[in-house]
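Novice: Chain by chain, the residues:
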Amino acid sequence: MKRLKMPAQTEQLQIVNVFIESNVSGALVPTMELAAEELLVNVFNYAYPPDSEGEAEVSIWEADFDGQRFSCFRVKDWGTPFNPFREAPVPDIMMSVEERPIGGLGIHLVRSMAAHYCYSHVDGANIVDLYFSFPEEESQ
Amino acid sequence: MQIIDSEKGGITILSVSGRMDATNVNEFDTACHAKLENGVSRMVIDLKDLEYISSAGLRGILSLEKSVRAGKKKIAYCAMQPMVADVFKISGFNSILAIYPSLDEALAALS
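Chain order of the listed sequences is A and B. Just so you know, we're using the numbering used here here: the first sequence kicks off at 71 and counts up by one. Just so you know, we're using the numbering used here here: the second sequence kicks off at 12 and counts up by one.
Derived from the structure by calculation, the hints contain no laboratory data. A quick note: this is a predicted structure, and the numbers were derived from the prediction, not measured. Note that beta-carbon positions come from the ideal geometry of N, C-alpha and C, so glycine has one too. You may find that some hints are simply not true.
If you only want the chain A side, here are some residues facing chain B, beta carbon under 10 Å, derived [what the hints assert, rightly or not]:
id: 1; residue: Pro100
id: 2; residue: Glu108
id: 3; residue: Glu168
All chains should be built: construct the whole structure from the sequences, respecting the hints.
Specialist: Okay, here's the thing in structure tokens:
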């Protein structure tokens with residue numbers, strides 16, 4: 071498992087992108103970078119009290135799940151317990167421009183792009199695991 | 012992200028390249044709102060060279076779209092790459108925005 075730990079700061083996204091680019095096969099890179107950004111921006115902005123220093127960790131590995139191969143991505147933080155898949159509001163994507171609130175699409179994108187998503191709170195840490203199908207296997 | 016602005020037949024074209032994400036969407040906001048404040052009434056956002064967009068980028072697009080409509084101005088988007096097209100589709104943006112396959116089609120629609 072490849073791991074990268076960082077201070078909870080938005081500027082770290084560029085380092086995370088380099089980490090993803092060096093550990094994931096080409097076609098999955100933009101999808102995984104998107105998921106990483108959406109989850110990490112939430113952690114950086116909300117997991118820790120303002121002006122306090124927190125950390126986040128991302129990991130990449132491959133797994134065989136129910137007989138299928140996946141590229142997996144984990145975001146871990148030690149901040150306020152938060153299950154994004156239950157607690158983030160679900161946006162109404164049919165709303166008109168005038169009615170739509172600005173924001174709130176990040177977790178919707180993550181949920182839509184991952185084949186499986188999982189949240190756990192273990193030993194004081196928020197853990198989000200995402201399983202992505204390999205593009206070449208999806209089309210078969 | 013890089014934003015290049017040009018004009019064709021009285022229509023302002025903003026060509027956005029690279030990545031639009033949480034670290035730089037404010038540059039897009041600033042560039043677009045400066046255009047609107049300068050009295051631009053028809054604008055095309057050319058996305059041909061935009062490789063990546065996140066929900067932060069979508070916030071910028073929606074905020075621009077709201078300002079354009081509030082000011083009774085016109086805007087179109089064109090030439091999205093597959094990653095950007097996917098994100099627009101999943102978010103329902105393709106059914107609420109004027110999106111065209113090419114710059115020429117977007118310009119024709121606003122002429």
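Novice: Hints first: check each against the structure and report whether it holds.
Specialist: Hints, verified against the model:
Taking 10 Å as the C-beta cut-off, the interface hint given for proline 100 (chain A) holds, the closest approach to chain B being about 4 Å. Against a cut-off of 10 Å between C-beta atoms, the interface hint on glutamate 108 (chain A) holds, since the closest Cβ of chain B lies about 6 Å away. For glutamate 168 (chain A), the suggested interface contact is upheld, since its CB lies about 7 Å from the closest CB of chain B, less than 10 Å.
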